[in-house]
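In the order they appear, the protein sequences are chains A and B.
The first sequence begins at -8 in this note's numbering and counts up one residue at a time.
The second sequence begins at -8 in this note's numbering and counts up one residue at a time.
Everything labelled a hint here was simulated from the structure, so no lab data went into it.
It is possible that part of the hints are untrue.
One copy or any two copies: either way a pair holds, since identical chains are not told apart in the list.
Only pairs whose alpha carbons sit at most 25 Å apart, straight line, appear in this in silico SDA-like list of lysine to any residue [unchecked claim]:
no.	residue 1	residue 2
1	18	79
2	177	40
3	177	2
4	18	87
5	18	197
6	66	159
7	177	273
8	66	288
9	66	25
10	60	87
11	269	159
12	60	86
13	60	246
14	60	90
Number of protein chains: 2
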Amino acid sequence: MKVLVTGGAGFLGQRLARALLARGALKSEDGKRQPITELVLLDVERPADFGDSRVRTEVGDIAERSVLKRVIDDKTDAIFHLAAIVSGQAEADFDLGMRINLDASRLLLETCRQRGHRPRVVFTSSVAVYGGDLPDVVQNDTALNPQSSYGTQKAIAELLLNDYTRRGFVGGRVLRLPTISVRPGKPNAAASSFASGIIREPLNGEEAICPVTGSTRLWLLSPRKAIECLIAGCELDAAALGNQRVVNLPGISVSVDEMIAALREVAGERVVERIEWKPDPRVETIVGSWPARWDTSRAEHLGLSGDHTFTAVICNYIEDENVHVV
Amino acid sequence: MKVLVTGGAGFLGQRLARALLARGALKSEDGKRQPITELVLLDVERPADFGDSRVRTEVGDIAERSVLKRVIDDKTDAIFHLAAIVSGQAEADFDLGMRINLDASRLLLETCRQRGHRPRVVFTSSVAVYGGDLPDVVQNDTALNPQSSYGTQKAIAELLLNDYTRRGFVGGRVLRLPTISVRPGKPNAAASSFASGIIREPLNGEEAICPVTGSTRLWLLSPRKAIECLIAGCELDAAALGNQRVVNLPGISVSVDEMIAALREVAGERVVERIEWKPDPRVETIVGSWPARWDTSRAEHLGLSGDHTFTAVICNYIEDENVHVV
């Protein structure tokens, strides 16, 4: 089985690649486990290949037709389409967001359609497709009402993926991710970057800025669980999904104050004191438009599970990233 | 004031043009009535110009950038974007539907953005953006769940129009139209074509085929009221609309049996006998996925009104089209 990961140099892409290589196999559409013979990692910068002979790294612009033709052939069984321009950047650079989040996603689906063998496409969407006056718990049939260009582009790609699936061009699965926390690495241009930064930086002995008030509620999923859900999502039985290919992944609803209390519990007051409060209305507006909780019954029915407590999420981050708390 | 109508040779486009010319003026964004000095009608075939010196007809492919640049300049105050590939045709020819219903709509918004003067864009959407398990009365915040490529393309264009409006590139208004009935002219490739055909053809002494069962419920708006709503929609106060630019226009919910009973009431049994029942599962599937009624409170609050009875709709059709019932 040949597998493609777009955004393969990114944090989720690299972690997914390692998980797929360790697993060595994926269930195919007929439910049988097939060995992964080739794992193609595509990104704008060269992804790590882990010295594994099954990995083929490709550098290219995903909005270019020729690049997609090079990485998707009629042996490609499963595609994890993670490449994206994050929320803050898509708001700052409208054209770039449209080009990568919309045009490239459509071109990927078109390339699959032209190949004609109906590969599975796992697409990651976001809390940002929701907005406006939301119920306390967002339901699977709550209307999409994005309040950012990023959310708009993700919502459009969801609609395309559903229609390309309905028409039999691809076998689509849209997984709406909660905000991922705790991400390792550096802050990025996502409006939600702080949701990792306020935990990660203090644990690593650095100052962090919190741009929202402590009562702001977030809907979070750990990287560990996100990777498990991506793989399980790819293996989901098409019949169980039916024509509606969007699944809201399970999250935990926590306020920023509760996140910080969990950090205090794990690492102590000295670490928490490295957080500086500095409200940024731009971030508050975008993040405040997202749902703080959604109904997870469909995901659970399909066998997809999330985290239990944010304290455990912090502990997993420390373990997974070999953090030495200072 | 300069006004553009795309799909200007179509049935709604021509009727809208006549209504605008008769009115002679439109309210501008500041609420003041401004005379219409130029009315540009664009279509793939030459629209009628009614011998009116204010009308400029343009023939061209709306998915071509150069065509849009020719018809939208920085004097264009209001655009009625009616050009579309209808539901049945968009399902039969996927690429054509994507090109006209999605790409051309986006190109139109991009052309406005590049001009930079934030023209008003009135976009017509459809019942076809809804689908799946629907409540008896669809609400403004019922999730979009299109079951056809046409509905998908309309839903995507709605999302784009909302975001282009939020960013200040255009002043968008999306009017979701019920199925229009009774349309004059010939049957077309819309899945809902029969909703006019079963009234129009019998009144004109011709046989008509009804492809759905009598209990099928439709959500209908007459051409007369549709034109009134398009003009009123353009003139709506931006502040009253806020960031959510989609308005579900009022309709009447009638079953096919009730439509035929109204026809019998107006024209007699002899006319009704010209309808032949011939179920077409393809049409039943598409039409059956559409809502039979939606909440109209927002439209009414904004001052947009629909029809009262389907009997009146038939009488208006006979009057407007000078039909001599045979």
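Hint by hint, where does the structure go against what was stated? Just the numbers, ascending. 1, 4, 5, 8, 11 and 13
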